[in-house]
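Trainee: Chains as they are written, first to last, in my numbering: chain A, -7 to 235; chain B, 879 to 1216.
Keep in mind that the hints were calculated from the coordinates and are not lab data.
Given the structure is predicted, the values throughout are model-derived calculations rather than measurements.
A few of these clues could be false.
[Claimed, not checked] Simulated DEER-style distance windows between Cβ atoms:
hint: 1; chain 1: B; residue 1: ALA1051; chain 2: A; residue 2: GLN63; range: 51 to 59 Å
hint: 2; chain 1: A; residue 1: LEU67; chain 2: B; residue 2: ALA1051; range: 53 to 61 Å
hint: 3; chain 1: B; residue 1: PRO1102; chain 2: A; residue 2: GLY108; range: 53 to 61 Å
hint: 4; chain 1: B; residue 1: GLN1162; chain 2: A; residue 2: GLY40; range: 38 to 46 Å
hint: 5; chain 1: A; residue 1: ASP77; chain 2: B; residue 2: ARG1030; range: 33 to 41 Å
hint: 6; chain 1: B; residue 1: GLU885; chain 2: A; residue 2: GLN63; range: 37 to 45 Å
hint: 7; chain 1: B; residue 1: THR1081; chain 2: A; residue 2: ASP77; range: 48 to 56 Å
hint: 8; chain 1: B; residue 1: GLU885; chain 2: A; residue 2: ARG1; range: 48 to 56 Å
Glycine included, each C-beta is placed from N, C-alpha and C at the ideal position.
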Amino acid sequence: MSDAPALPRLLPCGDAAVSIEFGTGIDPAVSTRVLALDAALNAANVPGLIETVPTYRSLMVHFDPLVLDYQALELRVRALAGTLDATPRPGRRWQVPVVYGGSFGIDLEATAEGHGLSPAELIERHSAAIYRVYMIGFMPGFTYLGGLDPSIATPRRADPRPMTPAGVVSIGGIQALIGGQAMPSGWHILGRTPVRTFMAGREPAFLMAPGDEVVFAPTDAARWDALDRAAGAGEPVAELLSA
Amino acid sequence: MTELVIESAGPATSLQDAGRFGWQRYGVGPAGAMDRPALALANLLVGNAPEVAAIEFALAGGRLRAAGGSARLALAGADAILKIGGRPVAALTSVTVHEGEAVEIGAARAGAYFYLAVAGGFTIAPSLGSLSLHHRTGIGGSQGRTLRAGDRLPLRLPEPSGPELALPEPPQAAPGPIRVVLGPQDDHFSDAGISTFLDSGFTISGQADRMGMRLDGPRIEHSPKGYNIVSDGIPTGGIQVPGNGLPLILLADRQTTGGYPKIATVIGADLPRLVQCRPGSVLQFAAVERAEAVRIARAADDAFRAFIGRVRPAGLAALDSRELLSVNLIGGVVDARH
């Protein structure tokens, strides 16, 4: 089932942060507990708590050590962790258009070949899954997904690319990713989406949140320009299938 | 409207306030002044609250002028000289610059980051709640980028008011190792690896900027757990050790999450001293317990408050604290370290 222990492990990160770890792996049950503690801590309005950052299996709490006493925080976390409602509930589901292959997905063919698949078969396996958003991290809007078909898991590239464009849809190991903006990357780029997971000045600036679900819709390259223009004008372009 | 007009600036000059908080959950790093106490001092000297945005210089200085009115300025942080109309201004002293007068900020003679604060701050719209420029993503700042010749920064105050202020020579930062709390992933390193980390000198490489400092030195050995973790959060001052065994200290413009194990975290009280070290400096690390790090933070905060309590109108050697309170100099700075 799940490797989520009843109570989390607290790992101090210097004097102004602590990582509250619920497990070791990528697991929806662990993630659900992380998000439940995240919500509970933020609802508790703890003085001196600066912000919380949910990740795959842990919650990082940044705090002011001159205002918030660590032992008090620890007691609070343990009390909250004992009463968490960790029932997984369906989040929002986003349908994200992806143009696969060609100049949009420069690693599609090689990755398919590596798995003994045709590019079309790889696209089918990548777009058949229902992914869970585990975290938004690294740089603005980078959306880390779990739920990749294990048969297409691919170790990261030995030589990371110095730059990849915004909106890349890529895989690395057993993880999948929607890139937020142009960044170096060692992941395998299968396609690209016009969706801006982050856009300054748009309301909301960030579309997705941990706990949401994502499905990919293979999209014809001929539609790229129109979709990209719409996304650039502030439209989400990602379709909300359920809320 | 009074403006500061940039005539020249080093390549990494940017607007920075106390940082952008609440957005790390979306991947947006905190940015903010590399040396927060130095930002607070510059602001104090012009009568601002400690977290108001100032111009952050990195090693190189710059030149600017006031247009449309006069402005009150102060410089703090790394050792650099401020000149108005060609005349040097005493260290840690605010000064009024009149329309058209040349403001020259020298390169740092020692240290790395320094701050030019202006009374009242800028009327520039914040991005996600902060004016701090996150250099790699272009969030914040003026037009989402570093400052360059021709930029015009509008000021909130048309004219400065109140006395120019001065602080005495600041207490010298105690030399000694950079103190760290081990973890959160010290279990990903062998005993030999931990010893290498704590017993060796590491040189700050040329790859050092607002995002972090890559260090050169002996390779730090991982334990059999290896150098990949399931990505988790990164604190400011977190020290990652990737597969090559060389540490990377993550700073204000850091990524919010990462997949390399973090051997230790620099304590908050030593971050200002760390960021003022230049490439080529040799760092030594010493481990302290978490609770000890909090005691050190409290002592540093007390010392900082005692120091800023000595602010005086420039040119007046001594005023008693009642007079000081009557001119309301201290009110804005009591939360300087928060």
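Trainee: Now tell me, hint by hint, if it's right for this structure.
Mentor: Okay, the hints, checked on the actual structure:
1. Checked against the hint of 51 to 59 Å, the pair ALA1051(B) and GLN63(A) fails, with Cβ atoms roughly 29 Å apart.
2. A beta carbon spacing of about 35 Å between LEU67(A) and ALA1051(B) contradicts the range 53 to 61 Å that was offered as a hint.
3. Between PRO1102(B) and GLY108(A) the beta carbons are some 32 Å apart, a value that contradicts the proposed interval 53 to 61 Å.
4. A hinted range of 38 to 46 Å for the beta carbons of GLN1162(B) and GLY40(A) is inconsistent with their spacing of about 31 Å.
5. In this structure, ASP77(A) and ARG1030(B) break the distance hint of 33 to 41 Å, their C-beta atoms being roughly 53 Å apart.
6. The hint said 37 to 45 Å for the Cβ distance between GLU885(B) and GLN63(A), and at roughly 53 Å that hint is violated.
7. THR1081(B) and ASP77(A) have their C-beta atoms about 51 Å apart, which keeps the hinted 48 to 56 Å range intact.
8. For the pair GLU885(B) and ARG1(A), the beta carbons lie near 54 Å from each other, so the given range of 48 to 56 Å is met.
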